[in-house]
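There are 4 protein chains.
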Amino acid sequence: MEEIEVRELKKVKLENPVMIEGLPGVGNVGKLVAEHLIQELNAEKIVEIYSWHFPPQVLVNNDGTVRLCKNEVFAWKSKTKQQDLLIVSGDEQSVTNEGHYFITETLLDLAQKYKVSRIFTLGGYGIGQLVEKQSVLGAANEIRLVEEMKKYGVEFREEEPGGSIVGASGLLLGLGRLRGIPAMCLLGLTSGYLVDPKSAQAVLKVLCQALNLEIGMQALKDRAEEMEKVIERLKEMEKAQIPRHREEELGYIR
Amino acid sequence: MEEIEVRELKKVKLENPVMIEGLPGVGNVGKLVAEHLIQELNAEKIVEIYSWHFPPQVLVNNDGTVRLCKNEVFAWKSKTKQQDLLIVSGDEQSVTNEGHYFITETLLDLAQKYKVSRIFTLGGYGIGQLVEKQSVLGAANEIRLVEEMKKYGVEFREEEPGGSIVGASGLLLGLGRLRGIPAMCLLGLTSGYLVDPKSAQAVLKVLCQALNLEIGMQALKDRAEEMEKVIERLKEMEKAQIPRHREEELGYIR
Amino acid sequence: MEEIEVRELKKVKLENPVMIEGLPGVGNVGKLVAEHLIQELNAEKIVEIYSWHFPPQVLVNNDGTVRLCKNEVFAWKSKTKQQDLLIVSGDEQSVTNEGHYFITETLLDLAQKYKVSRIFTLGGYGIGQLVEKQSVLGAANEIRLVEEMKKYGVEFREEEPGGSIVGASGLLLGLGRLRGIPAMCLLGLTSGYLVDPKSAQAVLKVLCQALNLEIGMQALKDRAEEMEKVIERLKEMEKAQIPRHREEELGYIR
Amino acid sequence: MEEIEVRELKKVKLENPVMIEGLPGVGNVGKLVAEHLIQELNAEKIVEIYSWHFPPQVLVNNDGTVRLCKNEVFAWKSKTKQQDLLIVSGDEQSVTNEGHYFITETLLDLAQKYKVSRIFTLGGYGIGQLVEKQSVLGAANEIRLVEEMKKYGVEFREEEPGGSIVGASGLLLGLGRLRGIPAMCLLGLTSGYLVDPKSAQAVLKVLCQALNLEIGMQALKDRAEEMEKVIERLKEMEKAQIPRHREEELGYIR
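Read top to bottom, the protein sequences are chains B, H, W and G.
No gaps in the numbering here: position 61 of the first sequence is 109 in the working numbering, and each next residue is one more.
No gaps in the numbering here: position 40 of the second sequence is 88 in the working numbering, and each next residue is one more.
No gaps in the numbering here: position 8 of the third sequence is 56 in the working numbering, and each next residue is one more.
No gaps in the numbering here: position 122 of the fourth sequence is 170 in the working numbering, and each next residue is one more.
None of these hints come from the bench; they were simulated from the model.
Hints are supplied without guarantee of correctness; some may be wrong.
It does not matter which identical chain is used: a pair holds within one copy or between any two.
Said to hold, decoys possible - Keeping only pairs whose Cα atoms sit at most 20 Å apart, straight-line, the calculated EDC-like set for lysine to aspartate or glutamate is:
| id | residue 1 | residue 2 |
| --- | --- | --- |
| 1 | K125 | E206 |
| 2 | K118 | E140 |
| 3 | K283 | E96 |
| 4 | K118 | E50 |
| 5 | K287 | E276 |
| 6 | K269 | E206 |
| 7 | K287 | E63 |
| 8 | K58 | E276 |
| 9 | K58 | E190 |
| 10 | K118 | E153 |
| 11 | K277 | E180 |
| 12 | K61 | D132 |
| 13 | K118 | E146 |
| 14 | K253 | E180 |
| 15 | K181 | E276 |
| 16 | K253 | E88 |
| 17 | K163 | E203 |
| 18 | K283 | E140 |
| 19 | K125 | E262 |
| 20 | K199 | D111 |
| 21 | K93 | E206 |
| 22 | K277 | E120 |
| 23 | K269 | E146 |
| 24 | K58 | E92 |
| 25 | K125 | E276 |
| 26 | K59 | E206 |
| 27 | K253 | D270 |
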């Protein structure tokens, strides 16, 4: 295996494509949105990316088979004259410092190969407590994109998203800028303790508006309801003063 | 020394060999089985693998001499018309992320050189408490192997082995799949706190069935009995309410 | 992107330049001084340095745009016959061990290209408690520079700065010595818990004396006053015996 | 700077040299012995080794000048017909995994260049409590060396030195064996909490016997007496039941 191995499974021709990245991260918000899109649009996998910068492990599927950690790129061809999509998701992000840079460069190579007009990166912004009011924070690598995103209800707060955006969601903007590719990041507010399909819904809404797409939300809603029940139980436990260590029991529930 | 240095000690001709990997890991289950096989079969060492991805240390033998950390491959030629064996064991696994990938690729190179028909990787699956009922969980890189292993009593649980298999036992399946080598993993349930020869016995039984091999178990049984005594003492201490920190005294007893 | 990518934005001709390095570090003392100099002198950015040894993230500007972590070099041409300046600052230092060496070598390449006569590196020396009396400790890569710096009130204590100077501020001296470039380090005493503009003032004063420069201090004074208020509040809280964990609330206030 | 930069300061011709390695480690025992030898024998520095695998910092000398972290090799020519010496000491060991291997290989290259007949590596063996009775444990890369060392009172215990010898002291034996260079390790029993000149004396005694050397011990004795006073104070504090955390106050006193 090479340091980064790009396996092209299928050649497709895309018109005016937009790249959407949703890799694992805080609250798994980005990945939830990307996977939801892939399923709802029935997007087709065209690329697998393997790398020794991913964790040295395999993941076990429900049928007992395994898969190597990888990133994947899916293509979707719009039936109307809208833009086509390249959706990036995957099992893991790099576990080494330089791997983050290399894998992002690989994604940008693909973006350039398919001549994407812009990139949306998706993630969560952890605030350390349960979110009362959903909202989506933004960042972009061109000031005109900031202005555009405000129209879709994206918030820009001077002190947030707290200085830095880590991993592919950030580097696609930073390294994309060096290549002249417009890119913006949508971060759903989330506690940071739980997988957050509700935050994913909020991000998806903004994305659909920006892309003028219509996507069914039911699957995310169902998952959000399940999580609501988990949260209710946690709150009751808290009220009942059942002694517990936050790390232990609230942990990171998937 | 090269990044990975393969020292071939002896050339052997093997018929229809199967590779069995048992490197150090949870409960040391895999290594116990591999070393037991090597001893019982009187297998012959044919390869030593050195690497700067192993810990920067030497191990001290009982006679005061030292050895570099390494992995080793042993060969065993069956006297009947059964398959021959290539058994992989060693002192340590890689301590770097990429080293896990490189060393697994090296093992797969050997597997291909000797034209192995399949690979069994062995390990433990830590459940964080003493195991009441021994069982062996499985995973494989082809669905037909999953079906085959069920016949030998291997369990496949939808939620377990908990998402991922770390290290050579996992990567041999994942990277093996990319090369088209059938591979399966046997994980003995174990507490995760103690070296577990009892779990090793359970794994060995499944392996012997799958390979149609007969192997004496006495050495593992003896070691398991010793460990039982240790566990009994720990349980009594717990009953007697002797205050202790789990990490300190239960620790990781070898 | 290359391992270290030096983007030359502008070619300048400098006379007898001195290099001043102030990258992030203890109390952010060095960076505060370097940024103050850049602003007061209206120095011009001539070089950007990107590297995958910086953290894999982007930083969010107040206007919602982002920037990659980088180091930067600014040039200032003196109007009198004094020496010109090359001022090094940036968002981050390397997060890998070898990256510290590589980036320092890159800075030394620039120093040699511009034929700098000497290098001043700036930083903080954390003493673990609030500083009662400001002072500036020194170190140098030639004994004659030690003597010279004593004239500017720089202190040399046998037991301090406690053995080692970590990062670019140290390596520019050590690696500079191998290239024969005179270099000295100014370390302002600081608590180590807070960004310390007061310590930065002390360092700047010494630097101005050594370079025979006149620089307005007001901006640093204003910021120091703000910090004084923060410290006063912390002291009151301490007196009032409000229970708190030092890490949590005193933390590292920026 | 190259990954490992060997600066040869002086060419010497040595007769039948023995290499002695004493780099920083547990109780600093090895380094204390090596530095004591260098001083007592007035050995001459012939090689400096720089590497980006050392910590990214400079060390400050008492006169205010700095030095890069490095390893050094000193030569001593015996006036009698005894063997000459190559003594290895230094500021630090590698901080990366592979660096330990590379630097050891560099030392072995030197050993071969000077045709050393054998290598002694020196270190401490931390037992986690104050040492009641000094003793020196051994390990070697040939069984005949084990036998030889027993004659000098070196102890070989089946369960100790506890499995592994980390760093250059271990790897010189392990990698040396691959090159056919006889090498043995002397480990002085030490608490592991304090620099231990008393343990260093015990190691030096064995070494002198093995090399048929006579070395004054006064400097080590003086330093050991100073440490005794520190230990006495610590014991009194313990008796007086002054509450303290071991890590905090016993720490690692130099």
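Each hint, compared with the structure:
1. K125 - E206: neither (37 Å within a copy, 34 Å between copies)
2. K118 - E140: within (7 Å within a copy, 26 Å between copies)
3. K283 - E96: neither (41 Å within a copy, 50 Å between copies)
4. K118 - E50: Answer is within; shortest intra-copy Cα gap is 13 Å, inter-copy 24 Å.
5. K287 - E276: within (16 Å within a copy, 40 Å between copies)
6. K269 - E206: Intra 31 Å, inter 24 Å, cutoff 20 Å: neither.
7. K287 - E63: neither (54 Å within a copy, 67 Å between copies)
8. K58 - E276: neither (40 Å within a copy, 56 Å between copies)
9. K58 - E190: Close neither inside one copy (32 Å) nor across copies (22 Å); limit 20 Å.
10. K118 - E153: Intra 15 Å, inter 17 Å, cutoff 20 Å: intra and inter.
11. K277 - E180: Result: close within a single copy only, 16 Å intra versus 32 Å inter.
12. K61 - D132: Answer is within; shortest intra-copy Cα gap is 10 Å, inter-copy 50 Å.
13. K118 - E146: both (17 Å within a copy, 14 Å between copies)
14. K253 - E180: within (18 Å within a copy, 49 Å between copies)
15. K181 - E276: So K181 and E276 pass the 20 Å test inside one copy only (14 Å; across, 36 Å).
16. K253 - E88: Close inside one copy (14 Å), not across copies (46 Å); limit 20 Å.
17. K163 - E203: neither (28 Å within a copy, 48 Å between copies)
18. K283 - E140: Cα proximity of K283 and E140: none, with 30 Å in one copy and 40 Å across.
19. K125 - E262: Answer is within; shortest intra-copy Cα gap is 14 Å, inter-copy 58 Å.
20. K199 - D111: Classified as between; 15 Å across copies, 45 Å inside a copy.
21. K93 - E206: neither (38 Å within a copy, 25 Å between copies)
22. K277 - E120: neither (32 Å within a copy, 50 Å between copies)
23. K269 - E146: So K269 and E146 fail the 20 Å test inside a copy (37 Å) and across (39 Å) alike.
24. K58 - E92: within (9 Å within a copy, 46 Å between copies)
25. K125 - E276: Intra 35 Å, inter 60 Å, cutoff 20 Å: neither.
26. K59 - E206: Neither: 43 Å inside a copy, 34 Å across copies.
27. K253 - D270: within (16 Å within a copy, 44 Å between copies)
The structure is inconsistent with the numbered hints 1, 3, 6, 7, 8, 9, 17, 18, 21, 22, 23, 25 and 26, although it conforms to all the rest.
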